[in-house]
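In order, the protein sequence lines correspond to chains Z and B.
Position 31 of the first sequence, counting from 1, maps to 30 under numbering that gives the first Met the number 0, and the rest follow consecutively.
Position 26 of the second sequence, counting from 1, maps to 25 under numbering that gives the first Met the number 0, and the rest follow consecutively.
Just so you know, these hints were derived from the structure itself, not from any lab.
All C-beta atoms in this analysis are idealised placements derived from N, C-alpha and C, irrespective of residue type, glycine included.
Take the hints with a grain of salt, since some may be wrong.
Some chain B residues near chain Z, calculated using beta-carbon distances under 8 Å [as the list claims (entries may be wrong)]:
(1) A3
(2) S7
(3) L10
(4) V26
(5) T32
(6) S47
(7) M62
(8) F65
(9) T69
(10) A72
(11) S84
(12) R89
(13) N98
(14) V99
Ranges of calculated distance between the beta carbons of each label pair, as one might list FRET restraints [to be verified]:
(15) N98/B to F157/Z: 44 to 54 Å
(16) I1/Z to V99/B: 50 to 60 Å
(17) G147/Z to V70/B: 25 to 35 Å
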Amino acid sequence: MIAGVPIPNFIEFVVLAVASIASGLGVILFKSAIHSALSLILALLFVALFYLLLGAMFIAVVQVLIYAGAIMVLFLFVVTMLASENTGDVIEPDRKPWQRGIAATLGFILIGALSYLLFTGTAINSAAITTAASGNGLAQHVADPKLGNTQAFGLALFHGFSFPFEITSLLIIVALLGAMVLGRRSLSRDERH
Amino acid sequence: MHHAIPISWYLIVSAILFTLGTIGVLVRRNPLTIFMSIELMLNAVNLSFITFSSYLNSVDGQMFVFIVLTVAAAEVVVGLAIIVSIFRTRRNINVDEMNVLRG
Numbered sequence: 000m001i002a003g004v005p006i007p008n009f010i011e012f013v014v015l016a017v018a019s020i021a022s023g024l025g026v027i028l029f030k031s032a033i034h035s036a037l038s039l040i041l042a043l044l045f046v047a048l049f050y051l052l053l054g055a056m057f058i059a060v061v062q063v064l065i066y067a068g069a070i071m072v073l074f075l076f077v078v079t080m081l082a083s084e085n086t087g088d089v090i091e092p093d094r095k096p097w098q099r100g101i102a103a104t105l106g107f108i109l110i111g112a113l114s115y116l117l118f119t120g121t122a123i124n125s126a127a128i129t130t131a132a133s134g135n136g137l138a139q140h141v142a143d144p145k146l147g148n149t150q151a152f153g154l155a156l157f158h159g160f161s162f163p164f165e166i167t168s169l170l171i172i173v174a175l176l177g178a179m180v181l182g183r184r185s186l187s188r189d190e191r192h
Numbered sequence: 000m001h002h003a004i005p006i007s008w009y010l011i012v013s014a015i016l017f018t019l020g021t022i023g024v025l026v027r028r029n030p031l032t033i034f035m036s037i038e039l040m041l042n043a044v045n046l047s048f049i050t051f052s053s054y055l056n057s058v059d060g061q062m063f064v065f066i067v068l069t070v071a072a073a074e075v076v077v078g079l080a081i082i083v084s085i086f087r088t089r090r091n092i093n094v095d096e097m098n099v100l101r102g
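Start from the sequences and build out the full structure, keeping to the hints where you can.
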């Protein structure tokens, strides 16, 4: 037992945490965009493993399919397209060196404030969480342990969240049209007439 | 579902990932890498959504993550289209030189 946590759970959590943070560091430290993209894919897969650890199977599968699959393939297409037309790679010179120090300071302030709030704030104490979970107000769509995770998810999606689901389809249509308009090659003047 | 690990550990990992994304947005000059850092921040927030959903024994947090995933996909599609169209007109994609909205 380490800090009240059994050894196997401790090991699996620490391995996942170190791996996801290391690949997150790789995203911002690698010089070329393609290495950053590959590191981001790794980070997304580790976050998907976190979802599995937390019992969200459907979201973990969607994370691998949509994020690590579809979105990152789009990223890699654009990175390779721009890198081949550019001068070999998309490395930009660091023009303002003080930006790096200021960003590091702001990052340390952010992580310090977040950790301070997490460890001293009233939001995260386990007594409040258990009362909220057992109380009537907050947990509207309680995951029934007899149902599977995907079944509970589908029931909640099409009963309580059907309106946001429909709005999402509108959003996708608008994004599709926007991408088509932006990606269209603009016609020259004699082609237009 | 029985939880062996305190909830604050997951939230600390989420906070660290979010901070890494913020530093990436502040430091990097390539808009593609800035986009990837934004994706990292979205994932950190999703991780805390799933954590709370699991510890509160409710599926509402997973629903939010589902919607955030869709919005992220739409955002990436439009953002990459903007970057490609900027590259077509300017022949370079340094964010320090993108200071006009005019094409």
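The hints, checked one at a time:
1. A least Cβ separation of about 4 Å between A3/B and chain Z falls short of the 8 Å threshold, and the interface hint therefore holds.
2. Because the closest C-beta pair between S7/B and chain Z is about 5 Å apart, less than 8 Å, the hint holds.
3. With its C-beta approaching chain Z no nearer than about 5 Å, L10/B sits inside the 8 Å limit, and its interface hint holds.
4. Here the hint on V26/B is kept, as its CB sits about 5 Å from the closest CB of chain Z, short of 8 Å.
5. Because the beta carbon of T32/B sits about 5 Å from the nearest beta carbon in chain Z, less than 8 Å, this interface hint is met.
6. Proximity of S47/B to chain Z is violated relative to the hint, the smallest CB-CB distance being about 10 Å (cut-off 8 Å).
7. Against a cut-off of 8 Å between C-beta atoms, the interface hint on M62/B holds, since the closest Cβ of chain Z lies about 5 Å away.
8. For F65/B, the suggested interface contact is upheld, since its CB lies about 7 Å from the closest CB of chain Z, less than 8 Å.
9. A hinted interface residue such as T69/B counts as satisfied when its beta carbon comes closer than 8 Å to some beta carbon of chain Z; here the least separation is about 5 Å, so the hint holds.
10. About 6 Å separates the beta-carbon of A72/B from the nearest beta-carbon of chain Z, less than 8 Å, and the hint is met.
11. Below 8 Å, beta-carbon pairs count as interface contacts, and S84/B has one with chain Z at about 5 Å; its hint therefore holds.
12. The interface hint given for R89/B is violated, since its Cβ lies 12 Å from the closest Cβ of chain Z, which is over the 8 Å cut-off.
13. Interface restraint check for N98/B: the shortest CB-CB distance to chain Z comes to about 14 Å, outside 8 Å, so the restraint is violated.
14. Checking V99/B against chain Z: minimum C-beta separation of about 16 Å lies over 8 Å; hint violated.
15. A hinted range of 44 to 54 Å for the beta carbons of N98/B and F157/Z is consistent with their spacing of about 46 Å.
16. With their beta carbons about 56 Å apart, I1/Z and V99/B fall inside the hinted range of 50 to 60 Å.
17. Checked against the hint of 25 to 35 Å, the C-beta distance between G147/Z and V70/B comes to roughly 26 Å, which is consistent with it.
Violation of the numbered hints given earlier is confined to hints 6, 12, 13 and 14; the remaining hints are satisfied by the structure.
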